[in-house]
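Each chain is listed here by its residues.
2 protein chains.
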Amino acid sequence: MRRKAVVLVSGGLDSAVTLFWAIKKGFDCHCLIFHYGQRHDREISSARRIAEAAGAKQELVRLNLPWKGSSLTDMGMDLPNGRSIEEIASGPVPSSYVPARNTIFLGIASSFAETIAADVIFIGAHSEDSSGYPDCRKEYLDVFNKVIKKGTKRGVEGKLRLQFPLIDKSKSEIVKLGASLGVPFHMTWSCYSGLERPCGSCDSCILRAKGFREAGIEDSLLNRETCLT
Amino acid sequence: MRRKAVVLVSGGLDSAVTLFWAIKKGFDCHCLIFHYGQRHDREISSARRIAEAAGAKQELVRLNLPWKGSSLTDMGMDLPNGRSIEEIASGPVPSSYVPARNTIFLGIASSFAETIAADVIFIGAHSEDSSGYPDCRKEYLDVFNKVIKKGTKRGVEGKLRLQFPLIDKSKSEIVKLGASLGVPFHMTWSCYSGLERPCGSCDSCILRAKGFREAGIEDSLLNRETCLT
Numbered sequence: 228m229r230r231k232a233v234v235l236v237s238g239g240l241d242s243a244v245t246l247f248w249a250i251k252k253g254f255d256c257h258c259l260i261f262h263y264g265q266r267h268d269r270e271i272s273s274a275r276r277i278a279e280a281a282g283a284k285q286e287l288v289r290l291n292l293p294w295k296g297s298s299l300t301d302m303g304m305d306l307p308n309g310r311s312i313e314e315i316a317s318g319p320v321p322s323s324y325v326p327a328r329n330t331i332f333l334g335i336a337s338s339f340a341e342t343i344a345a346d347v348i349f350i351g352a353h354s355e356d357s358s359g360y361p362d363c364r365k366e367y368l369d370v371f372n373k374v375i376k377k378g379t380k381r382g383v384e385g386k387l388r389l390q391f392p393l394i395d396k397s398k399s400e401i402v403k404l405g406a407s408l409g410v411p412f413h414m415t416w417s418c419y420s421g422l423e424r425p426c427g428s429c430d431s432c433i434l435r436a437k438g439f440r441e442a443g444i445e446d447s448l449l450n451r452e453t454c455l456t
Numbered sequence: 228m229r230r231k232a233v234v235l236v237s238g239g240l241d242s243a244v245t246l247f248w249a250i251k252k253g254f255d256c257h258c259l260i261f262h263y264g265q266r267h268d269r270e271i272s273s274a275r276r277i278a279e280a281a282g283a284k285q286e287l288v289r290l291n292l293p294w295k296g297s298s299l300t301d302m303g304m305d306l307p308n309g310r311s312i313e314e315i316a317s318g319p320v321p322s323s324y325v326p327a328r329n330t331i332f333l334g335i336a337s338s339f340a341e342t343i344a345a346d347v348i349f350i351g352a353h354s355e356d357s358s359g360y361p362d363c364r365k366e367y368l369d370v371f372n373k374v375i376k377k378g379t380k381r382g383v384e385g386k387l388r389l390q391f392p393l394i395d396k397s398k399s400e401i402v403k404l405g406a407s408l409g410v411p412f413h414m415t416w417s418c419y420s421g422l423e424r425p426c427g428s429c430d431s432c433i434l435r436a437k438g439f440r441e442a443g444i445e446d447s448l449l450n451r452e453t454c455l456t
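Residue numbers (the numbering used here), protein chains in the order written: chain A, 228 to 456; chain B, 228 to 456.
Treat each hint with caution, since some may be false.
Since copy identity is lost for identical chains, a pair holds within one copy or between any two.
[What the hints assert, rightly or not] With a Cα cut of at most 27 Å, we get these calculated DSS-like pairs of lysine-lysine:
1. Lys437 with Lys373
2. Lys376 with Lys231
3. Lys376 with Lys396
4. Lys403 with Lys376
5. Lys386 with Lys365
6. Lys403 with Lys251
7. Lys396 with Lys252
Because the hints were derived from the structure by calculation, they are not lab data.
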């Protein structure tokens, strides 16, 4: 019987590559998709399509917290816009940081993993793309792994752990890996803006464009013939 | 200006004592109450009353996860019943364990704490009452504190931490502390069964009774004149 894995799938590039990577490694993947009031909720339909294209199971969780605290969930706040790669890499925690998002997601993923008896939880976080998000850093993910080990039944039994295979990769390396795995890039969605087409100027669009440019690969999402279908 | 704290308030004895303790320490307390499909949802109205009696603010979060995996949330499963103190203390993780519950609650509490700029998150967990729940142990809570320190904005800035003031106390010590703080015991609710009166035979009722008995204090919840009003 194949080992089960819970994969956090946002609809973005990194989690799609992580999913295809986990499938190639032989895991029976259960995608966990979150609707948490994000302005770019178009990513949810992308996540669903990606899970389907990968032949993986999927589970949608709706979170309706009574507070916001982020420009990604509060339409009254401005998203960071038009920043350079250097500003994104070296700036303070941006307004698009969603407080404790990955801790909430990973907590719920731990619950799901216990329930289906999964061996691994996969998250596609990586340092270069973190935009200063503390909950995307390796030192955070290492500590969360200890939370699983100490605070869940399967973790205590040594049967569940967190893996983050992209953590040390650059965006261009992730694009290349995704291309080699046949990830349907045109199905992925990175833009924060909530518009019908990628805005090209939010942090997420800028980092994505850099990744494809440096990888020397065309971003099929931006190809009018294949995208947004 | 008083320092803000988020307090996890379940409606049970331990979190009520924790709340009154935090208020005595001078914190401006914001109670976080969860409706997560627990069969004993009567505890939610208890939590609301306790927060009100303490003069604290309150916030209710509804979690509707698409899986259960616990006899506390799945009415088709049997709760542990009629176990002795020894069986509760030394047995395996019981069916009433809700997978990763405290990790989910503490993740959401971290998000709330970031949003309201709180300095502390309080949880009333303690080892004796853990009934073998891994997410009530000190070693788990210590690691979760590191998650806050590494994975949240306020944590990285050294402005947010987790505190668990009851962790080393026995249930009888908690009852005595609560009595000294004026905790309205008759408003609290511990029973898992979901009935209108405490069943007296679930793990939670048994541990509560032991605590009051050893403290030599009457449990006002069981006094027909004051309880269940």
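We went through each hint and held it up to the structure:
no., hint, in the structure
1, Lys437 with Lys373, "neither (34 Å within a copy, 33 Å between copies)"
2, Lys376 with Lys231, "within (17 Å within a copy, 31 Å between copies)"
3, Lys376 with Lys396, "both (25 Å within a copy, 24 Å between copies)"
4, Lys403 with Lys376, "neither (33 Å within a copy, 34 Å between copies)"
5, Lys386 with Lys365, "both (21 Å within a copy, 21 Å between copies)"
6, Lys403 with Lys251, "within (15 Å within a copy, 57 Å between copies)"
7, Lys396 with Lys252, "within (18 Å within a copy, 46 Å between copies)"
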